[in-house]
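2 protein chains.
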Amino acid sequence: MTDYVLPPAIRAEAEFAPSSGIVEVFNYGRDREGIIPLWAGEGDLPTPAFIREAAARSLEAGETYYTAQRGLPELRQAIAAYTDNLYGGNWDPNRFSVTSSGMHALLMSLRLISGAGNEVIVPTPAWPNFIGAMTTLGATPIEVPMLYGQAGWNFDLDAIARAITPHTRAIVINSPSNPTGFTASYDELEGVLALARKHKLWILADEIYGRFVHDERLTVGNNRAPSVRDVMREDDDVLFIQSFSKNWAMTGWRVGWIEAPPRIAPVIENLVQYSTSGVPVFVQRGALAAITSGDAFIEEQVARSRQGRQIICDGLAMTGLVDLVPPPGAFYAYFRVDGVSDSRQLALDLIDEAAVGLAPGTAFGRGGEEFLRLCFAKSPEMVGEAADRLATAINRRGGAVRSALA
Amino acid sequence: MTDYVLPPAIRAEAEFAPSSGIVEVFNYGRDREGIIPLWAGEGDLPTPAFIREAAARSLEAGETYYTAQRGLPELRQAIAAYTDNLYGGNWDPNRFSVTSSGMHALLMSLRLISGAGNEVIVPTPAWPNFIGAMTTLGATPIEVPMLYGQAGWNFDLDAIARAITPHTRAIVINSPSNPTGFTASYDELEGVLALARKHKLWILADEIYGRFVHDERLTVGNNRAPSVRDVMREDDDVLFIQSFSKNWAMTGWRVGWIEAPPRIAPVIENLVQYSTSGVPVFVQRGALAAITSGDAFIEEQVARSRQGRQIICDGLAMTGLVDLVPPPGAFYAYFRVDGVSDSRQLALDLIDEAAVGLAPGTAFGRGGEEFLRLCFAKSPEMVGEAADRLATAINRRGGAVRSALA
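Heads up: the protein sequence lines correspond to chains H and S, in order. Positions in the first sequence are counted from 1; adding 353 to them yields our numbering. Positions in the second sequence are counted from 1; adding 353 to them yields our numbering.
It is worth saying that the hints were derived from the structure and are not from the lab. Watch out, some of these pointers could steer you wrong.
Claimed, not checked - Facing chain S, according to a computed beta carbon distance under 10 angstroms, are these residues of chain H, among others:
1) Met-603
2) Pro-619
3) Val-620
4) Ser-628
As the list claims (entries may be wrong) - Derived coverage of chain H by chain S (criterion: at least 3 residues anywhere in the stretch with Cβ under 8 angstroms from a Cβ of chain S; other residues may be distant):
5) 548-561
6) 633-644
To be verified - Over the 12 angstroms line for every Cβ pair with chain S, so calculated as not near, a few chain H residues:
7) Gln-430
8) Asp-568
9) Asn-576
10) Val-584
Ideal placement from N, C-alpha and C gives every residue a C-beta, glycine not left out.
Taking the hints into account, I'd like the entire structure generated from these sequences.
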């Protein structure tokens with residue numbers, strides 16, 4: 354990796370990082386009149402006013418100076434309190450560091466534990482940025498396809514176990530999952546944790562959709578999905594990636610947090626110093642308002658996305674041509690259309706035929722390439738219109754298939 | 354580097370990254386009553402109201418969604434126009450990408466061109482984050498001490514040439530320099546550029562203090578220092594690191610830009626995607642206001658820092674115990690006290706003896722370890738008071754030295 358490039362070329366791991374597979378479709382459809390954009394993982398509501406106002410007050414007060422690398426102490430304290438409240442326990446505030454987005458938390462997690470010569474296991478389909486970020490670091494992502502059946506998606510624990518080598522450093526657990534909505538049961542979480550303990554591996558736990566759980570059997574305490582922290586000991590080697598983006602409709606704010614064993618805090622401080630040098634204070638004031646006063650908004654958001662889920666599942670089921678198990682968590686429908694294996698082409702076609710923007714399964718790695726991802730964290734009207742348009746286009750295609758076969 | 358750590362340890366290049374050498378002094382003095390904090394590279398003015406208001410309006414308008422990875426097109430266009438206006442020429446807007454701070458621009462630059470097995474030449478004394486960031490990437494910083502004499506600091510071109518090996522990938526040019534205020538002449542810029550061309554190396558040009566030039570002989574067009582771009586061809590392999598922090602008193606905003614040959618734009622897009630996924634739109638609105646309407650503020654800031662420079666140079670010269678060549682650029686005095694070689698201890702002592710916070714030269718690498726860095730981008734009153742206190746403490750010490758010798 355190191356020496357075959359001739360100066361002044363650029364590093365291979367930077368040059369050959371994969372582009373997100375969603376971009377091609379997005380660029381194809383972004384300027385279409387009347388397009389319903391369901392390709393990104395983002396709701397249609399702006400950040401609540403009380404959060405925006407907290408940031409604006411901070412700007413007005415002139416909080417425009419350098420700040421603590423790992424975040425304002427009061428924000429880190431509030432994150433710890435939120436965690437205690439939601440998950441139980443009394444977690445050391447020194448576990449939590451504010452980051453310049455959930456993505457930044459993920460990148461720092463990966464930099465802490467992986468690089469050239471290391472493998473990281475990623476159950477797929479998965480958010481493309483896991484594999485993208487690993488690639489830019491020279492680490493090797495090992496994709497392990499999940500099992501798919503009548504009950505939806507599940508970890509393939511045997512396959513994960515078989516994928517472990519002496520080079521393995523970590524296993525990713527993204528639950529609830531982007532893109533599938535898969536939500537791990539305690540059995541599954543314990544299964545992965547046991548493998549990690551046995552082989553001395555890190556767990557990278559991305560639980561940013563933890564509040565978005567729709568299946569009662571997988572709902573803990575009425576408001577969240579099962580968490581790795583429910584089955585771990587405090588000294589287990591787990592790095593949690595968290596974000597303000599989804600819970601509080603703050604995708605554009607670029608603020609998240611990483612949670613790590615306290616012994617690593619000084620290392621994280623350095624990685625923040627030498628990457629972004631912290632998060633603007635006024636952004637942190639917004640985040641503080643969100644995490645201390647934003648529970649009602651989360652409840653509204655979850656209820657709204659559950660409504661969208663119902664509409665899209667019903668609408669697509671009516672076609673009789675779609676394979677979609679209602680997702681237990683997150684806010685995506687991940688579905689395939691009978692007889693279609695090329696999701697990239699289908700996503701492009703559906704822009705022309707339905708004016709609905711979806712993300713192709715090819716973007717999410719092995720095991721779900723023929724699926725499409727649809728974000729239903731939108732108004733019921735928008736999701737309803739998208740469902741109608743998609744059903745019409747799919748029926749038309751289905752009809753065409755049926756006539757050809759007749 | 355790769356395999357000697359036993360899982361689940363953390364990566365050596367992360368674990369052993371150096372902490373900033375300023376932190377110890379900062380922690381020692383931060384809570385002292387009446388301390389005058391001149392240790393950080395930050396002025397004492399908040400961001401101008403028109404910039405803060407532009408961001409607040411964006412927040413109020415609900416601009417809280419994901420945005421373009423490389424920045425708003427109108428901001429990138431404005432950066433290109435600012436560059437054309439200040440430096441002349443007609444630079445391709447595709448050269449410019451908005452980043453999550455100047456530090457983020459530096460880290461991405463380093464990730465583009467260096468990693469394990471690569472060496473990067475850094476003339477020192479230098480901003481500690483150059484070496485810190487390289488270390489976290491597994492690259493090897495090669496410190497080349499600058500020359501120091503009656504005329505101040507200069508590049509040691511012969512030493513730079515001798516430091517080049519087959520593993521060298523880049524040479525850092527930080528002009529005007531943090532911490533020394535060194536400002537490269539055209540001869541020096543051409544000398545480094547010739548070496549880079551000859552050996553096919555990248556130049557990393559950090560010109561974030563380019564507007565802060567105090568020596569008329571080094572002032573171009575009445576408002577800036579000589580730039581690498583004045584001597585380069587557009588196709589030279591130069592990466593520019595830029596920041597909104599210093600020009601517009603926006604240190605806390607975490608927004609900067611990287612300028613690179615246009616062919617690298619897609620790679621930068623990926624590195625942004627997989628690191629912070631962009632800069633908040635409302636932050637960019639502030640940056641846009643700054644770069645389009647902030648020239649008068651820069652002029653005020655430069656005039657104010659020039660006043661601070663005069664006060665501190667005069668005040669310290671009066672002691673007859675300080676070696677300080679008035680810095681041609683930036684907003685730091687970099688000086689040493691007769692008979693003192695341990696700048697770390699002196700910085701700690703001056704907190705006790707003068708209640709003034711300075712950064713020790715030990716933080717800035719080889720060649721200036723016995724110096725102290727003082728930021729004079731503060732009100733004349735504050736700088737004056739600091740000069741008085743420092744002069745008193747240094748005279749007292751000087752007196753002690755003289756009595757001991759008598």
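How the hints compare with the structure:
Among the interface hints, the one on Met-603/H holds; its C-beta lies about 6 angstroms from the nearest C-beta in chain S, closer than the 10 angstroms criterion. Given hint, Pro-619/H at the interface with chain S, holds; its Cβ is 7 angstroms from that chain's nearest Cβ, closer than 10 angstroms. For Val-620/H, the interface hint holds, since its Cβ comes within 10 angstroms of a Cβ in chain S; the closest pair sits about 5 angstroms apart. Interface restraint check: Ser-628/H against chain S, minimum CB-CB distance 5 angstroms, threshold 10 angstroms, status holds.
Check result for the stretch 548-561 of chain H against chain S: holds, 4 residues qualifying (beta carbon to beta carbon below 8 angstroms, three or more required). A stretch counts as covered by a chain when three or more of its residues have a beta carbon under 8 angstroms from one of that chain; for the stretch 633-644 of chain H and chain S the count is 4, and the coverage holds. Separation of Gln-430/H from chain S is adequate, the least Cβ-Cβ distance of about 19 angstroms exceeding the 12 angstroms criterion. Distance check on Asp-568/H: its Cβ is at least 28 angstroms (rounded) from any Cβ of chain S, clearing the 12 angstroms threshold; non-interface status holds.
Every C-beta of chain S lies more than 12 angstroms from that of Asn-576/H, the closest at about 24 angstroms, which supports listing it as non-interface. The Cβ of Val-584/H lies farther than 12 angstroms from every Cβ of chain S, with a closest approach of about 17 angstroms, so its non-interface assignment holds.
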